Amino acid sequence: MQPFTTLTGIAAPLPMANVDTDKIIPARFLKTIERKGLGRAAFADMRFNDDGSEKPEFVLNQEPYRNAEVLIAHENFGCGSSREHAPWALLDFGIRCVIAPDFADIFFNNSFKNGILPIKLPREICDTLMEDAKMGANARISVDLTRQVVIRPNGEEIPFEVDPLRKHRLLNGLDDIGETMQRAAVIEGFEAKQRAAQPWLYG
Amino acid sequence: MSAMKPRTLFDKIWDAHVVETSPDGTALLYIDRHLVHEVTSPQAFEGLRTAGRPVHRLDGTFAVTDHNVPTDSTRFTGIQEPESALQVATLERNVADFGVTYIPLNDKRQGIVHIIGPELGISLPGMTIVCGDSHTSTHGAMGALAFGIGTSEVEHVLATQTLLQKPAKNMRVTVNGALPFGCTAKDIVLAIIGKIGTAGGTGHVIEYAGEAIRALDMAGRMTVCNMSIEAGARAGMIAPDETTFEYVRTRPMAPKGEALERAIQWWSTLPTDEGAVFDREVTLDASEIAPMVSWGTSPEDVLPITGVVPDPETAGDEARRAQLRRMVQYMGLTPGQRLQDLKVDAVFVGSCTNGRIEDIRAAAEVVRGRRVAEGVRAMVVPGSGLVKEQAEQEGLDVILKEAGFEWREAGCSMCLGMNPDKIGPGQRCASTSNRNFEGRQGKGGRTHLLSPAMAAAAAVTGHLTDVRELSREGAGETV
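First to last, the sequence lines map onto chains A and B. Using my numbering, you'd call the opening residue of the first sequence number 333 and step up by one each time. Using my numbering, you'd call the opening residue of the second sequence number 12 and step up by one each time.
Hints were generated in silico from the structure; no laboratory data involved. Errors might be hidden in some of the hints.
Chain A is faced by these chain B residues, among others (derived, beta-carbon under 10 Å) [stated by the list, open to error]: (1) ALA27; (2) ALA270; (3) GLY327; (4) ARG331.
Computed from a predicted model, the values in this text were never measured in an experiment. Idealized CB from N, CA, C, for every residue including glycine.
Whenever a hint applies, use it, and build me the whole structure from the sequences.
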């Protein structure tokens with residue numbers, strides 16, 4: 333996983349609530365056995381017409397937002413399916429950070445596993461950042477994970493919360509599995525006890 | 012020693028599965044059952060292969076294909092669509108390489124992962140159950156803690172049989188009283204989502220309780236728990252009781268004899284203790300529930316079938332007005348229009364929400380002696396091969412086929428637009444599935460969520476219909 337430390341880039345305004353994972357990536361694009369290459373499918377039905385041409389009114393088809401690295405949205409971003417293809421598609425498109433008042437649990441979790449930082453900020457602050465984002469290339473937004481601040485184009489710093497363990501993993505690009513496997517003895521100890529108490533759980 | 016603090020059903024299952032806890036409160040949670048399907052697992056197995064890791068517990072891991080398999084006979088002769096065929100072939104290669112138990116497409120036990128888990132006795136009370144699919148919440152109806160995970164977590168469970176988790180908050184939704192005539196579990200859960208909203212359960216596990224929930228059979232309980240994710244909750248659960256134990260007794264992979272009695276003893280200790288505190292409580296009166304239908308593109312946008320399309324301009328703030336305008340336009344509606352006047356092009360009975368034998372019986376009961384309206388494509392897709400077999404033994408397939416329904420092989424089918432069963436742009440579908448998002452059933456398609464009986468009613472009239480008005484006495488005359 334690519335570490336996330338700091339980021340300064342274009343932020344795209346997406347003033348919608350309940351942006352579901354079918355919007356982020358429609359199901360027909362899930363028939364892949366790889367993680368890469370899904371950027372073309374990100375927001376496909378909002379981005380493209382049936383003939384493959386772009387819908388000019390959609391924000392990510394406009395300059396400078398084609399190169400957006402931050403997405404700013406309304407409530408309940410990422411609701412719906414558990415598909416990790418949603419963060420994979422965003423990442424492949426170039427989005428490394430999503431800022432919204434709140435997120436659906438599974439999407440939130442999946443983002444951290446892929447080097448995407450989801451930031452929860454109150455609706456009023458999201459609205460302010462949304463206005464900044466509308467200024468396009470003149471308004472780059474910075475995110476500093478180490479210091480846990482979003483920096484507005486005018487220099488104002490907005491602090492945000494992040495789970496310390498997730499922050500550590502994101503800053504260092506760590507994969508959970510290797511760490512958990514070091515706990516193999518403890519897991520086996522749990523299994524021995526559970527097997528004695530509830531033998532029907534074991535085949 | 013002080014008496015133990017009263018605990019919820021969720022707390023008890025959680026506590027029984029914590030391997031260890033980090034100082035920051037993150038638990039290493041043990042997972043009893045891991046269900047795997049073709050769409051969200053290829054990258055996870057690839058990760059194991061690259062790292063040279065085996066599957067940690069082969070006796071706790073079960074695989075099946077369901078999402079992208081065709082539901083007609085072409086599935087037996089080779090899947091036409093190359094990407095779907097590759098995903099299925101990849102799963103088959105992975106289960107062979109890693110030694111995972113697999114239920115193949117031509118096995119009559121094949122079906123939607125959330126139908127077959129409980130049906131086969133893979134999913135049992137008191138367990139932790141995960142799957143790379145958000146509707147894993149279905150298995151919570153067994154009195155288990157069951158939730159959907161992403162592919163990175165699928166790999167984590169395959170490798171370690173654990174997950175890193177922070178405990179969820181406890182929420183209880185109590186449905187008092189008795190359901191009125193014509194209403195089902197689907198109407199209960201749509202009413203709940205309409206009340207608390209699509210993010211109402213975020214960060215929580217919902218325990219469903221109350222007289223109306225206790226009165227549901229296991230199929231109905233699964234329907235309710237299935238749609239917990241549509242209320243934002245990762246898991247929904249119902250305390251195990253005699254209804255649960257009776258169900259478990261006949262499941263082929265469930266414990267038998269003395270082992271079962273011992274299991275029931277433990278399961279009987281799981282219901283929430285008196286005095287346990289929930290972070291949030293919501294109460295509904297079942298007698299006030301009417302047959303529900305969704306009108307918009309979020310599962311919270313539901314109304315009783317007697318309702319009319321809302322006027323976006325009456326909404327409180329501009330963001331909500333814009334959202335409603337978009338929905339009304341996408342769904343091809345006019346504010347003030349009666350929901351019952353909406354003509355349908357397609358009817359779908361099936362999915363992990365409503366693909367069980369009880370659902371097919373409910374649809375067939377409405378359809379018996381009637382015919383599918385002209386111009387409507389109606390299909391029933393059993394949730395598993397065993398459901399299909401049972402329905403055929405009961406002659407339900409004949410009733411449905413004679414009425415003009417398509418009778419298909421088991422799979423996710425028209426729920427999610429990633430296999431050949433789709434609706435076209437602008438088409439309107441009365442669907443027993445779980446999501447009405449834009450494009451969910453096919454690009455540009457319009458979905459109205461409702462119960463199997465309501466779907467059947469729409470099929471025979473050709474428009475959204477209040478099933479209570481199709482009284483059985485009139486059936487003979489309608490033919």
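Verification of the hints:
| no. | hint | verdict |
| --- | --- | --- |
| 1 | ALA27 | holds, 8 Å |
| 2 | ALA270 | holds, 5 Å |
| 3 | GLY327 | violated, 13 Å |
| 4 | ARG331 | holds, 8 Å |
The structure is inconsistent with hint 3 alone, although it conforms to all the rest.
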